[in-house]
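Using my numbering, you'd call the opening residue of the sequence shown number 74 and step up by one each time.
Calculated from the structure, these hints are not laboratory results.
Incorrect hints may appear among the rest.
To be verified - Pairs of lysine-lysine residues, derived as DSBU-like cross-links and limited to a Cα-Cα distance of at most 35 Å, are as follows:
#1 284 - 322
#2 241 - 105
#3 207 - 284
#4 323 - 235
#5 292 - 323
#6 323 - 284
#7 105 - 207
#8 342 - 241
#9 241 - 322
#10 342 - 284
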Amino acid sequence: MPELPEVESVRRSLLPYLPGRVIEEAVVHHPKVLVFPSPAEFVESLQGARFERLERRGKLLIFQLPPWVLLVHLGMTGQITFRDPGRADTPFERHAHTGLQRTLQHPVDQHTHISLNFADGCALLYRDIRKFGKWRLIHRDNPRLQVELSRVGTDPLTEDWKFEPFYKAVTRSDRPIKAIILDQQVSAGVGNIYADEALFVAGIRPEVRGKNLSKARLKKLFAAIPEVLEKGLQYGGTSFSDYVDADGKKGSNQEKLLVYGRYGQPCYKCQQTLLRTTVAQRTSTWCKVCQK
């Protein structure tokens, strides 16, 4: 699933293309990912709409098209790409198991759910083979907008990321620390990859109960979370299979991971074999020597 660095990489890669563009036509090819409104209302509302700003909260992309706000969650395999007819399509490389194309640019295909077309022939395409992504188009005056946004907690890469609220949220909980930092109300945008990485950097085992962690240890974790997110963003996100940015480019952070995806391999710090366990219904990779 795309996490904060991947979603922010998508946002940044869209900035050269979207602001100021006017949607000539919206097409809903498959309605499953469209939560609200109906396909007909979606198409009618977006015709002639102008992209003003593109924001992000946690894993949520927020497109401002006054008076509309488009909220997009990429789910597990969602891809938002910008197609320019002046560039050649390259539909020749496919994922070995899913068949999803890994391309710098692709045309509409069977996995394309929504197209936002522009007058110059360019288009914003949303593809999602597993169909877990969610699109919501809401009028800025609709109370539903604040309800949706309130489901996203504090983003670790913003000035709202403060230690005391984080400390209280963790120490008041009996849950494993990994489950706590996966909670999108606690640290919005953190998923399985960056939770494992942050816990390793902080030297904390994923199954330790939040209420049992000292302030000193939590200060290390509080600092480690934005640290690993910034690192992921620096390398364009983590691409194991489906994630690409708006230009169809994969990230390279998978080559820089310290523990995630490295079960059975030696720890970079102590050379002990990395272990694997299940915490909060997620597979966790960690080091029994470096994490306590």
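Hints breached by this structure: 1, 2, 6, 9
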